[in-house]
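Using the sequences and the accompanying hints, generate a full structural model.
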Amino acid sequence: MILGCAFTVTLPMSLYNVLKAYRNNTLKHHSCYESFLPFLSPVILFILCTLWVHFSSSDIIEHQPRMFYFLVGTAFSNITCKLIVCQMSNTRCQPLSWILLPVAVSVAVILTELGKQNETLILYCLTALVAVAHIHYGVCVVSVLLFFFFFFFPMCLFLLRNKSKNVGLLYSFSYNGNISKFKF
Numbered sequence: 034m035i036l037g038c039a040f041t042v043t044l045p046m047s048l049y050n051v052l053k054a055y056r057n058n059t060l061k062h063h064s065c066y067e068s069f070l071p072f073l074s075p076v077i078l079f080i081l082c083t084l085w086v087h088f089s090s091s092d093i094i095e096h097q098p099r100m101f102y103f104l105v106g107t108a109f110s111n112i113t114c115k116l117i118v119c120q121m122s123n124t125r126c127q128p129l130s131w132i133l134l135p136v137a138v139s140v141a142v143i144l145t146e147l148g149k150q151n152e153t154l155i156l157y158c159l160t161a162l163v164a165v166a167h168i169h170y171g172v173c174v175v176s177v178l179l180f181f182f183f184f185f186f187p188m189c190l191f192l193l194r195n196k197s198k199n200v201g202l203l204y205s206f207s208y209n210g211n212i213s214k215f216k217f
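When you line the sequence shown up against the numbering used here, it's residues 34 to 217, in that order.
Hints in this document: simulated from the structure, not taken from any laboratory. Take the hints with a grain of salt, since some may be wrong.
[Unchecked claim] Pair ranges (Cβ atoms, derived):
hint, residue 1, residue 2, range
1, 117, 161, 34 to 40 Å
2, 96, 145, 18 to 24 Å
3, 173, 58, 16 to 22 Å
4, 171, 124, 44 to 50 Å
5, 121, 96, 38 to 44 Å
Computed from a predicted model, the values in this text were never measured in an experiment. For glycine and all other residues, C-beta sits at the position ideal for the given N, C-alpha and C.
The following block contains the structure:
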């Protein structure tokens, strides 16, 4: 039911909205390629996971369903959070997330004889790696935001209050955590 709804309602509506915005020139990025770029990483993730389930010799979805769903959900959440940050900061999203590389390597190893014997171990190791990477990304985003709000936001308020005194430099926060200086 979920997949049926996704393929019959959600996906066509998303594609329709992108094409409609492209025709009206209201996209943030002015090419159709840039508009469909966020679809690439999730699609590749789901293709890789489907291949894993289909070619699994130990029927991983039957023996470890919670761990497999946790892996897919956490990897998808990581990709989605990066897309949200890119949209909020008006920057171009990466075509491929780096988290797809260990997933692709794991699927390739699963297809060999070595992987068929250690499939559950590979699943647990990959899940741990993806979970730690997602937590690390979240901590980094929150720490940059806290740094901005507790250091630069009060300074900006001080500078705006004392604008008549011509206080000099105002610091601004850019999307990748770098701090750049400019004069106003």
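Hints versus structure:
Distance hint check: the CB atoms of residue 117 and residue 161 are about 24 Å apart, inconsistent with the given range 34 to 40 Å. Judged by the Cβ atoms, the range 18 to 24 Å given for residue 96 and residue 145 holds: they are separated by roughly 19 Å. Restraint check, residue 173 to residue 58: a C-beta distance of roughly 35 Å breaks the suggested window 16 to 22 Å. With their beta carbons about 18 Å apart, residue 171 and residue 124 fall outside the hinted range of 44 to 50 Å.
Between residue 121 and residue 96 the beta carbon distance is about 39 Å. The supplied range of 38 to 44 Å therefore holds.
Going through the hint list in order, the structure does not satisfy hints 1, 3 and 4.
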